[in-house]
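Student: Going down the list, the sequences are from chains A and B.
The letter at position 88 of the first sequence is residue 88 when you use my numbering, and the numbering goes up by one with no holes.
Take any residue in the second sequence, count from 1 to its spot, add 276: that is its number in my numbering.
Possibly wrong hints are sitting among the right ones.
As the list claims (entries may be wrong) - Okay, the calculated bits of chain A under chain B, using three or more residues with CB under 8 Å as the criterion:
#1 90 to 100
#2 171 to 185
#3 237 to 246
To be verified - Some chain A residues well away from chain B (every beta-carbon gap over 12 Å; in silico):
#4 Val-5
#5 Thr-7
#6 Ile-61
#7 Arg-65
#8 Ser-66
#9 Thr-73
#10 Lys-103
#11 Val-194
#12 Asn-217
#13 Gln-265
To be verified - The following label-pair restraints were derived from C-beta to C-beta distances:
#14 Ile-28(A) to Ala-450(B): 34 to 44 Å
#15 Thr-115(A) to Thr-329(B): 36 to 46 Å
#16 Arg-70(A) to Gly-565(B): 52 to 62 Å
Source of the hints: derived by calculation from the structure; they are not laboratory data.
Yeah, the Cβ is synthetic: ideal placement off N, Cα and C, and Gly gets one too.
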Amino acid sequence: MARTVTTRQKALNTTLAWAIGLLIFFPILWTILTSFKTEGQAISDPPIFLFFDWTLENYAIVQERSDYLRFLTNSVIIAVGSTLLGIVVAVPAAWSMAFVPSKRTKDILMWMLSTKMLPAVGVLYPIYLLFIKLGLLDNRWGLVVVLMLINLPIIVWMLYTYFKEIPGEILEAARMDGATLREEILYILTPMAVPGIASTILLNVILAWNEAFWTLNLTAAKAAPLTAFIASYSSPEGLFYAKLSAASTMAIAPILIMGWFSQKQLVRGLTFGAVK
Amino acid sequence: MKYTVRALLGATALCSAAALAHAETLTIATVNNGDMIRMQGLTDDFTAKTGHTVEWVTLEENVLRQRVTTDISTNGGAFDIMTIGMYETPIWGANGWLVPLDDLSEEYNVADILPAMAGGLSYDGTLYAAPFYGESSMIMYRTDLMEKAGLEMPTAPTWSFIREAAAAMTDRDADINGICLRGKAGWGEGGAFITAMGNSFGAQWFDMDWNATFDGEAWANTLNFFKGMMDESGPAGYATNGFNENLSLFQQGKCGMWIDATVAASFVTNPNDSTVADSVGFALAPDNGLGKRSNWLWAWALAIPAGSQKTDAAKQFIEWATSTSYIELVAANEGWANVPPGARVSLYENPNYKDVPFAQMTLDSILSADPLNATVNEAPYVGVQFAAIPEFAGIATDVSQEFSAAYAGQQTVEEALAKAQALTNDAMEAAGYR
């Protein structure tokens with residue numbers, strides 16, 4: 001029997017949802033507002049919220065000092081490249097785990113997830129030395145591979161969850177009709193899992209875009225993405241909050257816009273299979 | 277004639293090609309400080325003079341430290357020049373990780389580098405990094421508030437005067453704190469301040485056998501004095517205040533006194549950012565009658581990692597960026613108040629620079645800090661606000677966290693000192709010093 005929800009309850013829920021939403025969004029809003037203040041206004045006590053002389057000075061300084069487009073291009077290549085490469089590796093892996101599981105599949109899945117719990121700094125030196133040997137330091141393709149490996153457990157897990165929702169009989173039927181393994185994955189499984197794959201791609205692009213440890217440690221001037229761009233505006237001596245806010249706003253803007261337009265797919269993907 | 281012209285054109289083309297063949301692109305890692313950013317803006321002058329181009333990697337100080345340490349310790353060669361400080365230089369020089377700067381040109385005039393800076397950036401008598409700018413610490417105070425309090429700041433005050441003045445200048449109703457000091461955890465933040473302050477109280481990190489000395493009276497006096505004064509006259513939440521937080525408070529007129537890096541003088545006297553720009557005075561950092569003042573010594577310097585393949589071009593850049601002609605270039609573009617201070621003797625002999633209100637006090641502060649003899653009693657280490665051993669940064673960060681917890685009232689000073697004593701001795705034992 002359906003529960004009756006009163007108008008008052010609805011209003012209360014809506015207010016609560018808006019309040020939580022605004023609370024979560026507030027740091028981003030504050031960053032954006034600070035980016036339009038002078039350095040003096042940015043640190044004023046009590047803080048100024050809306051009523052100040054809005055200025056684009058910080059954006060002009062950031063544009064003058066940094067090659068934003070180069071950082072942006074690197075971010076796009078690294079985030080999209082590592083995600084797509086991850087999908088190519090993870091689809092067959094998730095297929096085998098979902099449709100031809102072995103006795104140890106669950107253990108392997110747990111082990112894969114456990115690698116995410118390893119502190120990154122613990123493997124910094126081995127990976128750094130490997131990058132020196134392979135000539136991959138400050139190289140975008142080196143970072144594509146590293147970030148793909150870091151996010152692979154999440155990609156495999158997400159795809160595995162989606163694939164488990166697809167009836168195995170459909171794939172069996174395809175096999176009986178003579179489909180090869182490649183055709184089965186490419187023409188039968190993948191089209192059916194497009195919503196799941198899309199949300200996996202979106203989430204992993206966001207994760208790769210925001211990844212700071214490896215992107216800061218394995219790059220110098222050429223391959224540095226937007227995380228390095230932001231890091232260059234923090235200072236131990238001197239006021240920098242307004243300029244840092246402008247740089248941060250410029251760095252998060254593309255991913256914020258992408259997230260806004262794809263929020264339905266993201267929410268759907270993240271809640272897929274959660275309520276059956 | 278036709279052939280002569282052709283030959284000349286050919287020779288010119290060959291010369292250009294040769295010049296281009298030697299033109300290098302240098303990758304330089306640096307911090308986001310005002311002087312470094314100014315240098316980035318003037319790099320075209322270096323390119324015009326040498327043909328070499330520069331790619332900058334600007335990072336936050338702690339990120340930069342981790343990044344360049346990873347690279348230099350693995351001989352990665354990602355950078356041709358690194359911006360490092362007085363702490364890293366002698367350690368890395370001793371490890372053979374840096375290219376010695378012992379063949380700089382005569383025009384560069386190495387002898388013009390302030391002896392305190394050259395000494396702190398050398399190992400075994402060899403210079404391993406050239407100072408871009410140097411700093412000490414000094415008192416910056418509000419002349420109007422001092423006058424209102426009926427006091428006069430001596431040129432070289434004692435800690436007891438500072439505490440008295442801080443109490444007299446404090447006006448909680450007007451949101452004015454008598455004194456603002458660093459309490460933030462971190463070896464380069466609150467750790468640096470309390471170590472320099474400890475020097476003036478007779479405290480030191482290690483005795484001659486590398487035992488920690490936090491169980492001695494000198495450290496208890498230092499911490500109790502600091503906490504007592506800050507609780508009386510410091511801003512709320514001082515345990516989390518570092519350089520930038522105090523700068524912000526001072527510029528907004530909320531501090532009577534601030535003891536911090538000499539480089540801050542140009543910020544607090546800049547009317548564009550500071551509301552108290554016209555009422556700032558300067559004095560030497562305080563002492564306690566024991567013969568040592570509580571000011572530190574630091575330099576941001578340029579060094580060439582041993583893994584660089586472009587050492588000749590890198591040396592050319594270092595000579596350009598730390599030369600007297602660079603100082604003149606900055607002065608011509610941005611004024612004398614904005615030239616990188618604290619590196620060269622000749623700057624302080626320059627009549628144009630003598631007009632800058634904080635110039636003499638900066639020099640006096642730098643000259644009064646001695647990294648080879650920083651403590652009242654004999655110590656086995658070099659450094660004023662640090663001990664130049666590789667283990668120091670990690671240990672001092674942990675110790676400063678304990679101190680900050682005491683400032684915040686989460687534990688007593690005695691508890692903080694006992695923990696500092698134990699963790700320092702453990703770390704030194706593990707490292708094989710004890």
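Student: Could you run down the list of hints and mark each one as holding or not?
Tutor: Hint by hint, here is what the structure shows:
1. 90 to 100: As far as the segment 90 to 100 of chain A goes, the hint is violated, because 0 residues have Cβ atoms under 8 Å from chain B.
2. 171 to 185: It is violated: at least three residues are needed, and the segment 171 to 185 of chain A offers just 0 whose Cβ sits closer than 8 Å to chain B.
3. 237 to 246: Result for this restraint: holds, n = 4.
4. Val-5: Fine: 45 Å to the nearest Cβ keeps Val-5(A) off the interface.
5. Thr-7: Holds, since 45 Å exceeds 12 Å.
6. Ile-61: Nearest chain B Cβ is 9 Å from Ile-61(A), so the label is violated.
7. Arg-65: violated (7 Å)
8. Ser-66: For Ser-66(A), whose nearest Cβ neighbour in chain B is about 8 Å away, the distance does not exceed 12 Å, so it is violated.
9. Thr-73: holds (15 Å)
10. Lys-103: holds (42 Å)
11. Val-194: At about 40 Å from chain B, Val-194(A) clears the 12 Å cut-off, so the statement holds.
12. Asn-217: Incorrect as stated: the minimum Cβ-Cβ distance to chain B is 6 Å, not above 12 Å.
13. Gln-265: holds (34 Å)
14. Ile-28(A) to Ala-450(B): 34 to 44 Å: holds (35 Å)
15. Thr-115(A) to Thr-329(B): 36 to 46 Å: holds (41 Å)
16. Arg-70(A) to Gly-565(B): 52 to 62 Å: holds (57 Å)
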